[in-house]
Structures are given as C-alpha cells and as structure tokens.
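Those protein sequence lines, which keep their order, are chains A and B.
In this text, residue positions in the first sequence follow full-length UniProt numbering: the first is 1, and each later residue adds one.
In this text, residue positions in the second sequence follow full-length UniProt numbering: the first is 1, and each later residue adds one.
To be clear, the hints were calculated from the coordinates, so they are not data collected in a lab.
Possibly wrong hints are sitting among the right ones.
[Said to hold, decoys possible] Covered stretches of chain B, as calculated for chain A (at least 3 residues, CB under 8 Å):
(1) 38 to 50
(2) 241 to 248
(3) 270 to 278
(4) 292 to 299
(5) 486 to 496
Cβ atoms here follow ideal geometry from the backbone N, Cα and C, with glycine treated the same way.
2 protein chains.
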Amino acid sequence: MTKIFNDPADFAGDMLSGFARAFPGFVQRVPGGVVRATQAAPGKVAVVVGGGSGHYPAFAGWVGPGLADAAVVGYVFSSPSTQQVVAVATAADAGAGVVLSYGNYAGDVLNFEAARAQLTDAGIPVRSVVVSDDLASAPRDERSLRRGTAGDLVVVKIAGAAAEAGYDLEGVVRVAERTNAATVSLGIAFEGPTPPGSRGPLFTVRDGRMGVGLGIHGEPGVSEEPLLGARELAGLLVGRVLAERPDGARRATVLLNGMGATKYEELFVLWNEVVPALEAEGVEIVEPEVGELITSLDMAGLSLTITWLDDELEALWGAPAQSPAYRKGPAEAAPLTPRPVPEIAERAIPEASEASRHVAKLVHAAFETAAAALAEAEPELGELDSVAGNGDHGRVMARGARAAATAAGRAVEAGAGTATTLLFAADAWSDRAGGSSGALWGAGLRAAARVLSDTDPPANAVQAACRSALDAVTAYGNARVGDKTVVDAFLPFTESLEADLAAELPLGPAWVNASAVAARAAEATASLSPRLGRARPLAARSLGHRDPGAVSFAVVVTAIAEHVA
Amino acid sequence: MTKIFNDPADFAGDMLSGFARAFPGFVQRVPGGVVRATQAAPGKVAVVVGGGSGHYPAFAGWVGPGLADAAVVGYVFSSPSTQQVVAVATAADAGAGVVLSYGNYAGDVLNFEAARAQLTDAGIPVRSVVVSDDLASAPRDERSLRRGTAGDLVVVKIAGAAAEAGYDLEGVVRVAERTNAATVSLGIAFEGPTPPGSRGPLFTVRDGRMGVGLGIHGEPGVSEEPLLGARELAGLLVGRVLAERPDGARRATVLLNGMGATKYEELFVLWNEVVPALEAEGVEIVEPEVGELITSLDMAGLSLTITWLDDELEALWGAPAQSPAYRKGPAEAAPLTPRPVPEIAERAIPEASEASRHVAKLVHAAFETAAAALAEAEPELGELDSVAGNGDHGRVMARGARAAATAAGRAVEAGAGTATTLLFAADAWSDRAGGSSGALWGAGLRAAARVLSDTDPPANAVQAACRSALDAVTAYGNARVGDKTVVDAFLPFTESLEADLAAELPLGPAWVNASAVAARAAEATASLSPRLGRARPLAARSLGHRDPGAVSFAVVVTAIAEHVA
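From just these sequences and the hints, can you work out the full model?
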C-alpha cells in the first residue's frame with residue numbers, strides 16, 4: 001500500500017522532483033519529464049521513452065548514456081499528455097530526430113501519436129515504436145493488440161545502443177521494431193497495487209491461486225490458476241514463452257522481472273528453475289537480467305521476458321549503458337556538461353473582437369460549471385471505471401475540467417476571444433488530466449476551437465464546433481458507436497442537436513434535448529455488446545456496466561445547458 | 001507475502017544458487033555463501049560480509065570489485081553458522097587477513113566471533129567490525145547495544161574501497177570503525193514481512209499509524225505514532241538523525257532505503273522533502289543513495305541513514321565499486337579470471353575403543369530421540385518465539401537436531417568414538433540450524449565433546465560434559481539466570497544433576513530429576529523480569545511468555561532420559 005505522499009494529486013510531480021534530486025548526474029527536469037543532464041554526441045538520434053508513473057525503474061530510471069535521452073512522466077498509471085510528450089521530445093532532440101518508444105496502451109498511443117503529429121509539423125522528424133510483448137493480451141496473429149510490459153526495457157536498451165552507435169533515425173527504428181517483434185513476455189499476479197490515496201489494492205487473488213497474464217497498471221491476470229511451486233511455475237512460464245519461438249532461434253536474452261512486492265530472493269529461487277528449463281530446450285541465455293525492471297507500485301507478481309537475438313541485436317544488447325537504475329559494462333567518466341534545454345514559448349493571445357470576447361466569457365463560465373459538476377460526479381465515475389479500468393476516470397476528468405476552467409479564466413482576463421480561450425482550455429485539460437480521456441477531451445476541444453474565431457462568430461458556430469470535436473474524438477480513439485466509449489453519447493448528442501437546429505428550434509431547447517439524448521445513450525451503454533478495439537482488450541469486461549466516458553460526457557453537456565442559450 | 005519457493009526449508013539455498021546463476025561475472029558459490037568470481041590483487045585484505053538472507057541486496061549483492069570479497073548467507077532472518085563463516089572467510093582470504101563485517105544481532109555476533117576464533121587458530125588474521133547504526137534500539141551512550149541496519153552498506157563500501165586501495169588489516173578496520181561511529185539510522189515500519197511458508201506478516205501496524213524504529217528481521221517499531229504526510233515524515237526522520245550530529249560536522253552521505261514493499265516512487269517523494277530539510281540545517285549531501293539497499297523481504301517501511309564524512313571517508317565512499325546490486329563510478333573491464341577456491345578438509349575419524357564406540361551408539365540414539373521430540377514440539381516453540389522473535393525457533397531447533405542425528409549416525413557407521421561422534425553432531429547442528437540457537441547448541445555440544453574421549457570414557461563423564469557445555473553456552477551468550485534464555489533451564493538442570501550424582505543417586509534417576517527441574521524452570525521463565533542483554537533489546541517484550549530456548553532445552557533433556565541410564 002502506498003503510504004508516503006503529501007497530496008495524492010501531487011504524487012507524480014513530487015516523485016519526479018525527488019528523482020531528479022537523487023540523480024543530478026544523470027537527469028534534469030523539464031516540463032513533462034526529464035532529459036539527460038549530460039550532452040549527447042551532436043547529431044545523435046534522441047530516444048524518448050515514457051508512460052504513466054508507478055513503474056520505476058521504467059521509465060525515468062532509464063535515462064542516460066547508452067539508453068534513453070529523455071522520459072515523459074505521466075500521473076500514476078496514466079498516459080502523459082500530448083503536451084508533455086511534445087515538450088520533452090523537443091528538449092531531447094539533438095537535430096537528428098526523435099524515436100518515441102512506449103507501451104501499447106490506448107492512452108499512450110493517443111498522446112504519443114498526437115505529439116508525433118505536432119512535432120512533425122514543427123519540423124522535427126519523429127518515429128514511434130510501440131512495444132507489444134505481452135502474449136497473454138492477444139493471440140499471436142494479432143500482435144498489434146498486445147500490451148507492452150517488460151519488453152519495454154529490451155527495446156529501449158537496443159534502440160539506445162543503436163542511437164549511441166550513430167544509427168540514423170530509420171536505422172534506430174528498424175532495430176527497435178525487430179527487437180519488439182522478437183520479444184514476448186508472460187506475467188503472473190498475486191495481488192494488485194494500491195495507488196496513493198486508494199484504500200485497497202486494485203485487485204486481489206484468492207489464497208492458493210495466481211493470476212496468469214497480468215498487466216502493469218493493476219489489471220488482474222486474464223485467467224486464474226492454482227498457485228504453483230517454483231519449479232512448476234518456471235515450467236509454465238518457459239513453456240508459454242517458448243511456444244512462440246521462431247524456427248531455429250537459439251540465443252536469447254531473458255528478463256525475470258519483479259512487479260514490486262515479489263522480492264529479489266523469490267526471483268532468484270525462480271531463476272534457479274528457469275535456467276535449467278530454458279537450457280533443456282536448447283536456449284543459450286545471453287546477459288540476462290533478474291530484478292525489478294518495470295514495476296507496478298507495490299503489486300505482487302512477476303514476469304518472464306525472452307528476446308531472440310541475432311548478431312546485431314546481441315551486440316547492441318551487450319553495449320555499455322549508464323542510467324540511474326540500469327548500468328551495464330564499463331562506464332565512461334563522462335564530463336558533466338550541462339545540457340541546455342530550450343524554453344517552450346507560451347501560446348500568444350491574438351487581438352479579439354468585442355463579440356468574440358463576450359462569447360469567451362460564456363465559454364469560461366461553462367467550463368466552471370462543468371468542473372463543478374464533474375467534481376460532484378467524481379466518486380461515481382471512479383466506481384464505474386474501476387470495473388474495467390484503474391478507477392481514475394473521475395479524478396482525471398475533474399482535474400482536467402478544473403485546469404481548463406482556470407486556463408479559460410486567465411485567457412479571458414488577458415482579453416482572449418472565443419477560439420483562443422477554447423485553445424487555452426484544451427491545452428490545460430489534456431496537459432493536467434493526462435491519460436486517454438485527457439487526450440480525447442483535449443483533441444475534441446482543440447478541434448472545436450479550429451472552427452471558431454477570435455473576431456466574428458461564424459454562422460452555426462455551435463453545431464460546427466460539436467461536429468468538429470466529434471470527428472476528432474472519433475478519429476483519435478478509433479471508436480465506433482457500440483464500443484462503449486464517449487462516442488456512444490457524443491454521436492447521438494450531436495445528431496439530435498443538428499436535427500433540432502435544422503428544424504429551427506432555438507439553441508437553448510435544442511441543447512437541452514440533446515443533453516437528454518446523451519444521458520439516455522450513456523445509460524444504454526450498460527447493455528451494449530462491446531467490440532474489441534485496438535489495445536483495449538479489457539473493455540470487453542465492462543459489459544453490464546455504464547461506460548464512464550459516456551457518462552461523464554452526459555454530465556458535462558447537461559450541466560452547461562444554462563450557458564448555451 | 002512470499003509466494004515463490006519449492007520447499008520453504010530450501011529457500012535460502014535455492015535463492016543462493018539462482019543468485020549465483022544470475023551473476024556469474026561477479027560471484028561463485030562456495031559452501032556457506034559466495035566469493036568473488038574474479039581474482040583480487042594479491043595481498044589485498046579480504047572484506048567478508050554476511051547475515052541471514054531476506055535482505056537483498058544485502059549481503060550477497062555487494063560482492064565485487066571495490067566492495068566485499070565474499071558474503072556468508074544464512075537462512076531467512078537467521079545468522080549463518082560458525083562453519084559457514086569459517087568456510088567463506090577461508091575461501092576469501094588472499095593472504096593479508098580478513099575483515100568480518102556484520103550487523104549487531106545476537107546470533108550474528110555469536111557465530112562470527114566463534115568463526116573469528118577458529119580462523120585465528122588456523123593462522124588467518126581476522127578482525128571484526130560490528131555495525132550498530134540503529135538509533136532507536138539503544139540510547140546514544142550505549143552505542144554498542146544498537147542494532148545494525150542500512151549502515152551496513154556504508155561500512156562495507158568504505159572498508160571495501162580501503163582494502164582495494166591497499167590499506168592493511170588494521171587500516172581497513174580503522175576506517176570501517178570510524179564509519180560505523182559516524183553513522184546513524186532511523187527506520188519507519190508500515191507492515192512486517194511474510195517469510196516463505198508463513199501464513200501472514202510478522203507484524204501489522206494499524207491503519208493510519210506507523211511504527212518508528214524498525215528492525216530488519218521483521219521486528220516491529222519500538223513505538224507507534226500517527227502516520228505522517230511526506231513532508232512531516234521527512235521532518236521527523238531528519239530531526240532524529242541530526243540530534244546526534246557531531247560538533248562542526250557538515251558533509252555527509254545519506255541513504256534513503258526502502259524495506260521491500262515501500263516503493264521507489266514513494267522514496268523519491270520523501271527524498272524531495274528530505275533534501276531541503278537537511279540543507280536547511282546546513283548539511284552538504286555527498287553522493288546519496290535512494291532505493292532498495294537493505295530490505296526485509298516484502299516488509300513495508302523505510303529508513304534514513306546519515307554518515308558524517310571527513311576527507312578520507314569521503315574519498316573512499318566515492319571510489320568506484322562494481323557488484324550485482326551496487327555500482328558506482330567507472331568500471332574497469334576486469335578480466336574474468338576464475339578465482340580458485342580452496343577445498344575444506346572433512347573432519348577425520350580417529351581410532352576409537354570398543355567401549356567408546358558403544359557409548360557413541362547411545363549418543364546417536366539420543367540425538368534421534370531429541371530430533372523426534374523437537375519435530376513434535378516445533379509448532380509450540382514457533383508460537384512462543386513469535387512473541388519477541390521471528391517465530392523460527394521451532395523450525396531451527398528441529399532442523400539442527402535432525403542434522404545432528406544424521407551426522408552422528410554417519411560417524412557411528414564409520415567407527416567413531418564418543419567424542420568424535422559428538423563433534424560431528426555439533427558441527428552439523430550449528431551448520432544446518434544457523435541462527436543464535438544453532439550457534440549455542442553447536443558451542444555447547446562441542447564443549448561437551450572436548451571433555452570426552454574416543455578411547456576410555458573419563459570418570460564423571462556426563463556431569464563433566466554438562467558443566468562444560470553450560471559454561472560454553474553461558475560464555476557465548478553472555479547470559480545470566482533471569483535473562484530469559486536457555487541458561488534459565490540449563491543451569492538448574494546441571495546443578496540438580498551434579499547434586500544428585502554427588503549424593504550417589506544413579507545416573508538414570510538423577511537425569512529424570514534434573515529434567516523435571518529444567519521443565520519447571522522453563523515454565524517459570526514466563527514470570528521472570530528480563531534483563532536487557534547486549535543487542536537483545538527485544539527480549540524485554542516477551543515478559544509473561546515462556547522463553548522458547550529454555551522450553552526447547554527441557555524438551556530435549558526430558559526426551560533423552562531413556563538413553564542416559
């Protein structure tokens with residue numbers, strides 16, 4: 001159980017400050033995460049890792065020579081925001097482009113991909129490598145649906161070594177993708193983690209049982225089996241990871257990873273059984289790692305990872321690396337040259353018309369109302385989310401809306417018009433909320449702002465903004481109606497609004513009608529048959545429960561009806 | 001909760017094999033522990049660390065260039081046996097003598113000191129450095145009563161660097177003792193560990209509370225206080241460790257250590273508060289460490305350690321070191337020269353008389369009976385021991401007696417006389433049992449053997465052997481009647497036996513009488529007022545409970561009455 005914190009809401013930020021204070025020779029803080037404290041070679045490709053916090057040594061513990069150049073650090077078990085990724089990658093870029101490497105989770109994919117698009121627009125060449133090593137989360141022929149777990153370390157190590165060796169952007173991507181394809185992992189869970197401020201673990205496993213196929217965000221195993229002794233457990237793990245052995249593969253590196261509360265001595269007892277089990281199958285083990293490599297706070301469990309090596313991958317795996325939590329081979333006495341970090345410019349506030357400034361005030365008032373409504377709904381939303389997620393939807397939504405309201409207020413104070421006020425709110429929402437809902441709301445609000453203006457409000461502004469936001473959310477989330485996402489409420493809301501306005505109903509009553517449609521649609525998600533979306537295998541579990549994203553959408557649109565007319 | 005093991009009794013051995021398999025570049029297994037896999041410089045002082053297992057990275061994780069030369073590894077939370085220490089130190093010695101460095105716990109002190117005497121007799125110069133940094137376990141003016149906790153790492157690091165730099169035996173001891181004197185620690189506990197095979201944690205702390213002044217073997221805190229936020233907790237820890245700041249001391253290294261289930265992120269949150277709290281008091285922090293340095297299986301808790309540095313200690317603290325779990329500075333690409341390990345000779349079996357061989361058979365039968373009786377009493381003894389100890393007394397006694405009986409049987413098979421049979425049993429008992437009771441029973445049986453013979457049984461052999469054993473146990477344990485130890489039963493037993501035999505009662509009835517006296521004395525330990533012995537502050541807690549050592553003594557002497565007549 002996580003016991004040490006000030007305000008649980010500040011946990012990730014406090015953690016990151018303390019981490020940077022503990023390892024000043026390796027890292028320095030930047031907005032959104034950490035970058036190396038030391039200069040990399042000019043023209044070196046930058047490897048940027050990241051994800052939610054709670055997984056130390058992943059990801060910030062891997063920043064240093066021979067490994068990553070920077071880490072983006074989100075809230076506990078939440079994806080970092082798009083802005084965080086942009087800020088950290090911009091600071092890490094040394095002119096030769098950036099590889100973003102992260103695990104295959106919906107929120108991470110959304111935010112890192114959105115950041116990739118923004119960075120590319122800004123002229124920085126960026127490629128993504130999405131790690132998908134967890135064999136329990138999807139069958140072998142649907143590799144792209146698999147989650148990322150401890151395979152993250154092997155991919156980052158090999159990408160980092162390639163970048164250090166002078167590979168260009170495409171070259172680093174090529175070996176990193178080959179590494180991911182050659183890597184499979186299987187995890188075992190005994191008890192879930194207890195995030196800061198929670199009263200109990202995210203899941204428990206009955207005495208004498210174990211969960212097989214854990215996730216690293218407190219997701220329980222995909223099946224439950226009787227607890228095994230060390231020898232039999234080694235047999236199960238080795239058998240499952242070798243089932244996907246490529247033809248003729250012999251040499252491999254192997255990771256035996258503890259999730260937090262399953263300790264070193266237990267890992268060594270298991271390793272003592274894993275080695276003969278692998279050797280009996282003719283596997284030659286190359287520079288293995290046994291220890292805590294990617295954790296899930298104080299979760300009890302472990303995972304076994306195998307990466308099949310060819311000569312190139314083996315040389316890169318064996319190359320020296322120095323970071324706070326992972327060190328290999330001889331360290332060069334690197335001079336501690338402080339690495340200069342570019343400032344990130346604040347968004348400017350353009351001139352605005354009187355009319356647009358007036359609407360901006362209404363927008364600010366609407367965000368204040370939405371923030372209050374979401375704060376009230378926070379416990380219910382959290383409960384809904386704990387069925388298939390990690391229970392933080394209420395907290396994330398309340399935090400995002402609160403940040404958006406504050407940012408909108410500051411913009412209005414500074415004389416911003418409607419579009420700019422909405423942009424400030426959008427940035428603040430996704431940046432402070434994090435996670436996948438933060439990314440979706442940020443993307444939706446930004447898309448709405450794009451069809452508005454700071455001068456003359458366009459005709460049909462409201463329905464145009466709604467449709468633009470819906471399109472952005474649908475595209476980002478790759479979701480269709482029936483997937484049990486926010487789209488299940490957002491699409492019927494928009495259609496109702498458009499129909500009423502086309503029938504010349506005034507905006508006020510049209511909005512009220514549409515809100516009622518959204519609320520009914522959110523209720524109906526309890527009976528929807530879910531479709532298995534990309535990297536969302538857990539969504540299938542929430543059948544019979546209302547989708548928290550659809551419910552929170554209905555909460556917002558219902559609350560702000562008073563400001564719309 | 002420890003979940004991964006085969007037979008819990010084999011946990012430490014399986015763990016050590018797996019550890020050696022994970023780090024073949026650093027360590028090789030020897031009987032009793034591990035020594036470096038690589039050659040040290042000829043004429044280098046050997047630094048040997050050790051203690052029970054369950055504390056990884058302590059102690060085996062610290063074997064490598066710049067740190068320790070070898071580690072002695074006992075059972076979980078039990079001191080290694082005297083024989084283990086002798087075997088490992090003999091393998092580690094490179095001709096310039098050995099420094100034994102270990103924490104101040106009764107069992108460790110007994111076994112390492114006995115080993116020191118044996119090694120010195122064998123011509124190896126050996127010095128001990130006993131680490132005593134835990135400020136909660138005794139007041140400042142009774143420093144020698146304090147337990148050893150995370151200060152172990154600082155002492156080993158500085159001793160290892162001094163040895164590597166060519167200091168001689170006295171020189172290494174001098175800096176190691178200065179380091180210990182300059183080091184204080186304070187620990188906080190949230191929940192005890194659950195050793196392999198146990199059904200629950202060794203202690204719990206109520207919700208919203210924390211134990212202050214933890215031990216590393218699952219001893220709870222010495223006081224319980226309300227749980228604090230990170231900032232206030234940092235204030236408490238810093239205030240308490242600075243209370244013993246030497247006049248004028250400014251520069252210090254600082255360790256923030258997690259005990260196992262209190263994770264990295266929490267430690268960084270706390271570190272973020274510890275740094276400003278120390279800096280506000282003018283402390284200059286030199287190369288600190290934040291992480292899991294010395295754990296207690298899956299115990300939840302942490303400790304803060306401060307070591308005040310002068311120029312010499314600071315240079316040694318900063319020197320490079322490479323080991324499985326602790327790496328600092330540039331690593332030399334050390335050639336992997338296998339280090340030859342000397343064989344340890346088996347004890348020879350001298351010629352024996354017919355009469356002595358006959359008595360040896362009775363001794364073997366008595367050990368078999370004792371082993372059976374202790375196996376039956378194991379649960380009760382474990383329960384008694386869990387009041388003030390870690391609950392392993394029953395297991396340790398049953399294991400020791402079983403090993404002694406088997407060894408005695410082998411000796412008898414090979415034609416050994418009484419004294420030699422007893423010596424085999426003594427060695428096997430202390431070697432397989434480990435811990436302080438193993439050391440005491442080994443020492444007592446060895447002392448008994450010394451007054452016996454393999455040829456003619458001396459007059460008054462039984463009472464002479466009893467008195468000799470009692471003297472050895474009393475001397476080793478530094479215990480007096482009333483301390484709630486085995487002596488409380490052993491002394492009245494011996495006095496009763498001597499008095500009856502002096503009054504010419506036959507041995508059979510005299511032994512039965514003495515056994516009854518021992519059993520009553522063991523019962524009476526429940527009402528004894530305990531004296532605070534050296535490094536045994538927790539004994540004070542068992543007031544109102546029978547001492548498990550006294551009870552197990554009574555079990556043995558009562559059971560073997562049939563073989564004595």
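Hints, one by one, checked against the model:
1. 38 to 50: violated (count 0)
2. 241 to 248: violated (count 0)
3. 270 to 278: This one holds; 5 residues, not fewer than the three required, reach chain A with a Cβ under 8 Å.
4. 292 to 299: holds (count 4)
5. 486 to 496: violated (count 0)
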